[in-house]
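From first to last, the protein sequence lines are chains A and B.
For the first sequence, the working numbering gives the first residue as 1, with consecutive numbering after it.
For the second sequence, the working numbering gives the first residue as 1, with consecutive numbering after it.
Hints are not guaranteed to be accurate.
When the alpha-carbon atoms are kept at most 16 Å apart in a straight line, the in silico EDC-like pairs for lysine to aspartate or glutamate are as follows [said to hold, decoys possible]:
| id | chain 1 | residue 1 | chain 2 | residue 2 |
| --- | --- | --- | --- | --- |
| 1 | B | K238 | B | E205 |
| 2 | A | K482 | A | D295 |
| 3 | A | K441 | B | D24 |
| 4 | A | K481 | B | E836 |
| 5 | B | K238 | B | D297 |
| 6 | A | K239 | A | D171 |
I should point out that these hints are in silico values taken from the structure, not numbers from a laboratory.
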Amino acid sequence: MNSDRTVRRRPRSGYSNLAAQGEPWVWLTAASLAVAIAMIVGLLSLIAWRGVATFWPVPLERVALADGRSLLGEVTDREPAIAAAPSAAGHPARRLVRTGDYDATGNHYEWIDETAITATSRPEWATVVERLEAGRLHGIPKRIVRGDTTVAEGPADVWQAFLKEHPAARDRAIRATRIDREDRGELQRRLRAARLAVVQARLSGGEGGLQVAAAEAREQTIAAEIGRREQTLDEETAKLRGQNAGWAVEFETASGGVAAVPLDAIVRAWQPNRLSLGGSLGVYFSRWGEFLADDPREANSAGGVFPAIWGTVTMTLIMAIFVAPFGVLAALYLREYAGRGPVTTAVRVAINNLAGVPSIVYGAFGLGFFCYVLGASIDDVFFKASLVADGQPTFGTGGLLWASLTLALLTLPVVIVATEEALSAVPNSMREGSYACGAGKWQTIRRIVLPRALPGIMTGLILAMARGAGEVAPLMLVGVKKLALELPVDGSFPYVHPEREFMHLAYLIYDVGFQSPNSQAARPMVYTITFLLVAIIALLNVAAIWIRSRLRRRFVAQQF
Amino acid sequence: MQSPPSFTGRSRRRTTRPWVKASDRIARLVITLGGISTIAAVLAVGAFLLAVAAPLFTGATAALDRVAPLPEGRSLAVGVDESGSVAWLLDGAGDDHGRIAVVGLADGAVLLDRPASETGLADCTAVRTTTGGMLAAVGFADGSFRTGRIGLDAVYESADGLRPDQLPARVGGAVTVDNAVIVRLPGERFSRVSLVAELGGPPAEPLGGRIIDLDVVPLTGGPLVAAVDDVGGVRIEKVTTKKNMLTGKLTATPRGTTIAPIEGFRPRFIRVSALGDQLFLIAADGAARRYLIRNLDAPLMMEAFTAAAGDAGVTAVERLFGGVSLAVGDAAGRVRILFATRGEADDGAEPAAADGLRMVVARTFEPRRSAEPAGIVALAASPRSRLFAASDAAGGVRLLQSTTGMEVLEAPALRSTADAAPAMVAEQLCIASRENRLLAAGMGSLAAWSIDAGYPEVSARTLLNPVWYENYAAESHAWETTGHEAFESKYGLLPLIFGTLKATLYSMLFATPIAILAAIYASQFMHPRWKSRIKPTIEMMASLPSVVLGFMAGLVFAPLMERSLMPLVTGFFVVPVVLLLAAHLWQLLPSGWRARHAGWRLAAVAFGALPAGVMVSRAVAPAAERFLFGGDIGGWLDGHGGSSFGGWVIASLPLAGIAATALVGRGLNPWLRHVSAGWSHRRSAVASLAAFLGGVVVTVALAAAVALLLDSLRFDTRGGIFGTYVQRNALVVAVGMSFAIIPLIFTIADDALSSVPDHLRSASLGAGATPWQTAVRVIVPSAASGLFSAVMIGLGRAVGETMIVLMAAGNTPIMSWNLFNGFQTLSAAIATELPEAARGSAHYRVLFLAALTLFAVTFVVNSVAEIVRQRFRRRAYEL
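Could you build the full structure based on these sequences and the hints that come with them?
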């Protein structure tokens, strides 16, 4: 209010008082906050609910339709009629049925108008069969055969026989596949290594040298030995598969046909309509177990995600190993050693800004520098044989090491900023006290400053790990793969393979959700992976908070 | 040194132990080195991106390597081997009726020399070889023409099989060995190059006159040849070679047709498109015709067009790489690029031909600037890109690029030492298959240049300006980088930049108000105990991986939004109205009770007003859809149901709302304040409610009036911010992205608002201001720069976000503001295309340029935010 105007108290105005409270505007701000909270709570609960519910056995319904067809499946979704558009406009309520009759109908899901349904029932013996390939099968067990002989007939007997025979048959099939993949893979790796040794000898010693002859001789002995080993493996797998041959379970499907499934191609079968609570829990946890511990099947849309969990964890740990020392070094330098000048300030601002540079930019850098410059030169010096022999770069392409380094670079600014803040939070009086007692600079840093700053540093590091675990855009450029069953750490020499491509949970979400040929059937799986990833990241966040408060308490007690 | 006597009688050591000193020094060294190098490594990211992208803008270079004298005689064809070390050339008539020779480009020595008569090439009048292959067609004076293979065949060979004297001394050198040439390649490798010149094809049905030009393209099954003679006769012929399964014998069956001479049209040049479906005849005066020759037995004349303008005649024609464009050189020294496009001409002068295509002159290269204009003599296309060479009668040789319309370089000229006359006019040109050599032959000389063309398909101009791409109807912005081998890559960054802007703009429009308002409530009106619980919850949203948000946006919201678009649209307007209505009803309650229960406002909003708003908007939606969009918003967006009234109502409602608020605030409120002296609380509240309802009515009326007016003027929102609905669109991205941005802005804004010194707040409240007045007049202005920096940081995040736009934006690089349409951003293009881009290619470098752009933009935005924030901190400190 202008001072030259005489201030006159206006009579009390009820409306002014009301307007001054700005109640409607406060409500708008409250609504914004409510929307923000609703978004996060809604999102998290949706992920949690769908993720947790994926593996719960749902009853199978037999739906008879007006056109004479009948379906057997899980009703997964129901869309209500839109009130304004009466059924004449083609919008009656409809249900989404997961049919599990892909062989006959060619689709996994079907929308059914409720007006077209004549009857629904829940057949007692309806069985969900998870097959190795071609998705699920819904049907009623008819008979179980071994070659031409019928072992059992009728749902109850077949189910008994199935429960008796299936575990052993499945076990044999798993053993045979494992031999094929692991033992044979190992042999192939050895053979390739021997072949590359020959190429390497040629490269270093020239044609016709002694080394070449030696390497060739070694290759031949190894090839011969591997041939023998292959033969025994062949016999072993033939025996295992032979025992399973002929066993098949026949199911009567909804469309009236009979589908025969080889016994060892059944991963799991359950009869949801007969399950008790305990049985349901059993199926539920058995499916979770498979999810966490097994390899993926069917273009990642079924089975487990163990390689991806392994890849995510390994990559995040390697990243932390790189980022922790360098981040702390840089922060120590900036805070304790560098002079206070405009240059230091500029560097600090720049580092702060780098934390906001898009991750994809770091990905481009990782591909261009780590893979194509650094990796290519490593290949040129150490792995030339592989490059010459079959044009395969070893380090010159994406891999675990480069992915970890890229993410380390990406999270480095975060760690530097967090560490610097932690360092600056240590009161100067403590430093001065230390100096006054005669300690040197490094002694002060090591004994006084770093311990006090540790909670902050750890928090920054763990938050960086949480960010790294969920980041996927740069990984798409530097080595994440759709399917990589060979883990970066395994039992074959030299046990750690930092050049291998790997799987990642976050990438799996993108891949299964968007690139899967059958994205609808894979949707529940995506929810579960999302749930797992969010849980891991939430766990890391909680760990950060816990460590921070714990360490802080420890040091608060010592505070002078 | 004498130590002073100590009080306790114990003397203290006053020297530092050596290892303490040493460790101090080592620590200083390690930390300084490690720290500086770590910081340097992080900062090097930008420098590396720049280093990768920079070669895009470096110019091309050419160095004259060799001028070798040749025997006199017209040069008919010239070619070079794969490595660019030896050349072959075919001379016309002479004593021995022409010869074919192989010349080493390192020293100009003639390595092989064969009379043309040996190979059946004697007295040929026209030769045409395919660029990059060895397929050739040769025409003779008697009107006959044949196909065959002419060129250099290179086989890699190891040094073991050769005698030392057979090995060339230096890289690029060549030695004749057994009727072939051994060429030394870099890295101790050798290749055996042999001359192939054989006319294996069956003789075609001859024409009447002397063959003056012909063309040949390889097709599946056999080559297609077209020839023209000096009396205007044209013959096209396809040779189909079949292998007999039993005997293994090859039988070649020619099939073709002759086009009789046309009155008044005497073609001088003949060209066939690479797919073999179009035939172009071009006369020396520029008149030209296009034939459809899909059916070889019945060629169809499609259109007559002019390939040259003015009175300058056509002097050279070349089919460019990709086989779609023709480069036409004229006597005035200009080169035009022509191709067929679909669609009508802008001026409507020339309607499209029967097949819907129309030949257009897309670009014109002006004559050389460094010399008097002289007619084009020869043109030669590169076998791997849309680069081509042009020589003129004044002795100039240039490299041109047809996509960008750029002159890539002018080859260092050849001048004879004696006088200023050109030493050589290149009658034949050739670009080596790796684009590392340019050859010119003519008037007794052979010249070779080492060239480095750089990245002529990309320039600063073409990255940001519209370019007329092959087969496009007009100049346009386009980003299209993958296709078949001969595909014309389109590196227009503008659609991607546009997509990035669109994503950022719509996301920020959605997220900023929510985040800032939420921060105001959390920092000013919320109990600290509640805030300490809610803030971490929202911050947790910030640590959600963006791939999760992308999945949610692309696969959960997108279908949901498609199903309930109308409730969503009405919700944008109805929910705020319901909220404000609820607030006005709350005002009706006694003020003491309200003050006691102020903390319950959030609960009332979250569990009362918001759900009620959602329900009301769902209930209103069908009626609104009927009234505004004829009952089907999807159809309306597609352009059905002519009236644009509904779109304008939606578009003008926000503005009308602001106008009505201003009207009530400026006009009605002062009056109400004036008259309300002594009113009871309840009476004021009722008046306020009435004013609000009046405002709503005014808003709707205003919007309807504006919509009626604009609709009657035939303006349409469709094509602007509304348009065809695509499932993955900007609105979906805005919602998905807001999950990432809201927590970021909220956290920083809340920090800024909370760090306004408490004494300001206390003073304001103590002076009698209400909490709302304090918040709006004291706290928000003091924290304005902090709020600004929060928005900037949110902006920086939105610009570079990758996974959400990759999964929810549809990834179509189109430029339209349509809220319901997709787009592609810089980041999404990098993520999807960089793994497939060949290292060092133009595509790879353009993507790095995109990354550099993102880096620079976010760096600048964050810097501004940081500077503003530091200023704010200082100010807050001073306060």
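Do the hints match the structure? See the list:
1. K238/B <-> E205/B: Cα-Cα ~11 Å, so holds.
2. K482/A <-> D295/A: The given pair, whose Cα atoms are some 12 Å apart, holds under the 16 Å limit.
3. K441/A <-> D24/B: holds, 6 Å
4. K481/A <-> E836/B: holds, 14 Å
5. K238/B <-> D297/B: Roughly 10 Å separates the two Cα atoms, so the pair holds.
6. K239/A <-> D171/A: holds, 13 Å
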